[in-house]
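*Asks:* With the hints as a guide, bring the two chains together.
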Amino acid sequence: MKLTGWGRRTPRATDLLMPRGPEALAAAVASDGGGAIARGNGRAYGDSAIGAQRTISTRHLDRMLAFDPARGQLVAEAGVLLCDIIDAFLPRGWFPAVTPGTKFVTLGGMLAADVHGKNHHRNGGMRHVVDWIDLAGPDGVIRRCGPDRNSELFEWTIGGMGLTGVIVRAAIRLRRVESGWIRQTTRAVPDLAGAMAAFEAAAHAPYSVAWIDCLARGQAAGRALVMLGEHAPAASLPPELRAAPLAVPARRQRKVPPFVPGRILNGRTLRLFNALYHASGRARQGTRLVDWDGFFYPLDAMLGWNRIYGRRGFVQFQCALPLTQAQGGLRALLDALAAAGSGSFLAVLKRLGPQSGPISFPLEGYTLALDFPASARTLALMERLDRITIEHGGRFYLAKDARMSSRTLHRSDPRFATLAALRVAEGLQPGLASAQSERLDL
Amino acid sequence: MSKTPVLILGARSDIARACARHFAARGHPIQLAARRSAALGPDRDDLELRHGVEVSLHEFDVLDLPAHAGFVDALPALPGTVICAVGLMGDQARSAADPVAAAQVMRSNFEGPASILSVLAERFEARGSGVIVGISSVAGLRGRASNYVYGASKAGFTAFLSGLRNRLAGRGVHVVTVLPGFVATRMTEGMDLPPKLTAQPEEVAAAIWRAAERRRDVIYVRPVWRAVMGIIGLVPERLFKRMSL
Chain X
1 MKLTGWGRRT PRATDLLMPR GPEALAAAVA SDGGGAIARG NGRAYGDSAI
51 GAQRTISTRH LDRMLAFDPA RGQLVAEAGV LLCDIIDAFL PRGWFPAVTP
101 GTKFVTLGGM LAADVHGKNH HRNGGMRHVV DWIDLAGPDG VIRRCGPDRN
151 SELFEWTIGG MGLTGVIVRA AIRLRRVESG WIRQTTRAVP DLAGAMAAFE
201 AAAHAPYSVA WIDCLARGQA AGRALVMLGE HAPAASLPPE LRAAPLAVPA
251 RRQRKVPPFV PGRILNGRTL RLFNALYHAS GRARQGTRLV DWDGFFYPLD
301 AMLGWNRIYG RRGFVQFQCA LPLTQAQGGL RALLDALAAA GSGSFLAVLK
351 RLGPQSGPIS FPLEGYTLAL DFPASARTLA LMERLDRITI EHGGRFYLAK
401 DARMSSRTLH RSDPRFATLA ALRVAEGLQP GLASAQSERL DL
Chain R
1 MSKTPVLILG ARSDIARACA RHFAARGHPI QLAARRSAAL GPDRDDLELR
51 HGVEVSLHEF DVLDLPAHAG FVDALPALPG TVICAVGLMG DQARSAADPV
101 AAAQVMRSNF EGPASILSVL AERFEARGSG VIVGISSVAG LRGRASNYVY
151 GASKAGFTAF LSGLRNRLAG RGVHVVTVLP GFVATRMTEG MDLPPKLTAQ
201 PEEVAAAIWR AAERRRDVIY VRPVWRAVMG IIGLVPERLF KRMSL
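Top line first, the protein sequences correspond to chains X and R.
Okay, so the first sequence: first residue is 1 according to full-length UniProt numbering, each after it adds one.
Okay, so the second sequence: first residue is 1 according to full-length UniProt numbering, each after it adds one.
Note that these hints are calculated values from the structure, not bench results.
You can trust all of the hints, since none of them are fake.
Away from chain R, derived, C-beta distances all over 12 angstroms, residues of chain X: (1) Ala-70; (2) Gly-101; (3) Arg-176; (4) Glu-178; (5) Ala-197; (6) Ala-203; (7) Phe-295; (8) Ala-339; (9) Leu-379; (10) Ser-405.
So, partial list: chain X residues that the calculated Cβ filter (under 7 angstroms) puts toward chain R: (11) Met-64; (12) Leu-65; (13) Phe-67; (14) Ala-88.
Here are the computed lysine-lysine pairs in the BS3-like style, where the Cα-Cα straight-line distance is at most 25 angstroms: (15) Lys-255(X) to Lys-103(X); (16) Lys-2(X) to Lys-196(R); (17) Lys-255(X) to Lys-2(X); (18) Lys-196(R) to Lys-255(X).
These numbers come from a predicted model, not from an experiment.
The beta carbon of each residue, even a glycine, is placed where N, CA and C say it ideally should be.
One chain only, chain R, in its complex shape (with noise of 0.2 angstroms):
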């Protein structure tokens, strides 16, 4: 049986890249989905040359809603499994000061990803099958003075793909939260992170296929995470509005 092909979203970030090698090294076709995409020809050159699968390239723009359901249109297939990699952390200051750049942030993480999910959701429904994978941010679990912007527009996005799963549970299509903690790209780079709960993009990859594989419903790439997120989570809001986090 041939593999289904694996549609990527944001496929520039370095957990995109993983996943794309991943899934490509078990036979997936991958169609690698970003801004420029023109520029992405040695990614896509790299995982045929590798993997011997075929890859294709397809401008898409997350903030452009309109355009999301013509982009589905025309991918070269619809796509048995879709990762949606896009997010933007921006700066916390910037966006507490400037509500333009917060409406930045909170539209890269929560309305352009779920704008492009539903769709994705239509025809997943009508075909009764696919996973959809959606990768969100522990920082979503509780809102902290160091991110929160970041945070609430994840918040948002976990919110939704728990709506979406619920919805389409019994349709034949199944949705993954992804909430992989610290990771180790581009993103957080100069960070001073603890080794011990900062994954690499390689892991989150195979977190992710084994999640769609299994059909687990919310992940933590790192175990260690659930318990540190199950504490945060107990703090009394009394506490937690006087703690520096």
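Extracted from the complex, chain X is given alone in its bound form (with noise of 0.2 angstroms):
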């Protein structure tokens, strides 16, 4: 059947396998033809869940297995949800420590993308919550893998795109919270600097995140909203609320209608939304109450959202840049922008801590994100933001990827070709090999 990523973007074959248990999960992953990825929910933007033959889905191995509140710890099977274990969870006083801005990730695609959320700055990534993982092998065997045991392969599986094996199940961090309740402040900044300096302010923040508004044209050219975040204290919530602190009133879903006309987003329709997002972010600058639900995953509340680019799809862009140059480089890569005059409906700006594993994203400095619809222009703008990067020691997020050259990839990062020996070395390959690997020569 035809698989492809989050962005909908071109279409690739691939056998797809729906094993019921870990043992037959195993034996899928070792059974011959080589080319086999996991795929979670589908959430990857490019390539990275769809096998170069054939693609494992976990979603059948989705049962909670056990939780010991003295630790916080939760062991579950990879295909589990992030919105059912904040909906099994969050009611007994626990959220994710550490959370992508989606809810309908699976526990494994989180670990391999090693994931990191709003408080990277202060909490790290997924490496910092996971204790365990069990991995599925090319040779059929499930090994237990952590910081104790089977380490090399434990530390290159967070993060590694699914090329080490298949996660099996995995036990987990959660972290306390008194209520479902996010203390927001929000703040209006003039420009890229002025972000830049409220992220440094906000340090302390437990949660920040800023957006861009890049389709800004003249004084207004890079303005933004800098959105900070702590866990509200059942304390501090007013008296109606205080009752009952961790039952947050569920939010509407509305569905993307199944064909979306043309393309609605266009220059001017991008820049208008843009426009309206600082007007009202602008307007509502402060301190409220906002639910877990809408400050960390305010796209989820429009299920299907990635339909809004049309048939041909969309792409994402997502870099890091390390502090020195972090400046410097965002300014190019937004100079970029506005020069093409093709702006992203979302740009996302954060600051993040140090990097955690050996093939972990995050690096202490800034990370931007921005998303385009498909087409030859802004793949071509896309080179152009490549180099940019990589002039800046910057480097690039694979979860996010679906059209970089190899050779973009390993100039930016030469831990990939450590993963990539290490790979050969361990016999992972060709047996695990995603559509990604192969254009990356992983």
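*Replies:* Listed below in structure tokens is the structure:
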């Protein structure tokens, strides 16, 4: 059958296997033919979770197995969705210690991509909250891997994009929260320098993220909204919420219609959207209470939002720049966007903390994420962004990538040559391979 | 008021797992019954952890008819609801050629489920309450060359459920017949099914829960199936026998 990533670009033929349990999954990884990769809920934007030959879905391995309240440790199968973890544990006062910008991801996918969240500058990524994993290799054996055993395999799996094995189950730690509410502080800043200054001044804030209007021109160019957040203590809630601090009213979910007429996202509608968004953010500056769902997962309220780009799909660009070169690099990236005149619907800026594992994407510095409708013009623009990133010592996030060249990746990030060599040495290749790993020579 | 336990027969199937979650999420204790029930430990842990309900595992072989009464006696409590998700599609070509294989399909879909539901019907009738849910199939509404052994056994099961419902009406026991149509499960994996006609297991579970709550008699999961089967039922046999179905 044919699969795409979340960007819905270029469907690719692959066999899709749906094992019902750990043994069947291990057998599927080991079976002849090679070229297997795990796929969770299909939220990687590009071709990370499309097998070179066979794609092994983990969605039927979706059981939560044990919870230890003393340590906040949850043991669960790899196909469990983050939204189900929140549903089960927020009412008991626990929340994921690391979360990406969507709750519709699997535990296995979060680990394979070493996802980061709005708290990365303080708490790091998945590597900091995982105690161990069970990993199925191309030899059909399931191995327990952690800091104390099979540690090399463990370290290179967290962020290894599925190329070291298929995660069967994992133990992660959740964090205690007193409420389902976030105290959010929004500040409008005039430009990139203002946004970076706001991040540096808010190093203590548990959560931080900024949205940049990269379509604004003239005086308004680079204006941004910086959003900080912290879990609201129960005692700080207004009396009507204090009685049930963990209960948050369900948000209404909307669905993008199955067929979106033409390209509704064009320069004009994007500019209008960005201007409205900025205006509403500026009008609501200051501190207010928002629910966890709206704070962490604003896009999840729109089911199937990836369809708004129409049939040709869209592509994401996300790079991380080291602190010393961040300002120059970000300015050059935004200038290139402005020069090309093609804006990004969402431009998200975030301060990152230090790198955690040997193949983790984040590094001490800044990350910028952009998305574009897929077209020859935007793909050419992205190659310019690639070059600017490399010139400023930056690296790329494979969970977002759908189009980078092997040369670009290996020039930007020598760690991937080490990963490729490890795969050969450990006999993981060609048994495990994705469309992405073939494109990038991993 | 505490919720009554739900017994799920054939607990390993995708529809059964979805039903277990749906009822557990609404506070019902769950009794999971299947062969090799010890291997359902992770499912038990998952239901207990997510929903905080009691879950028990029970060894059950639908073909072992003499053991059925003892199986019911050994349950920790007589369930308020039983969902029979036992079924075997078999391979039609094999069922057509090999009487033993055909008998296995017929016994698994009809004889075995009818036996265990008869035992439970007796107990429910004596108690004066209970809901019996039988998952049958649209394949039982009209025999087709591509799956008539399976279809015939489901036709028998559908008729059995209809008779049971008739017998127990007015005695506090309700019987629901479920005709799910295509469902995306292990049984149909690899088949090229039309998406608009194909339900997810979670949809089937939600439909079963609604039907049990509202005392519906016969349900299709996706309403379009009622129309599809209505039309198929109208085709004269003279034409039907020449169609490739």
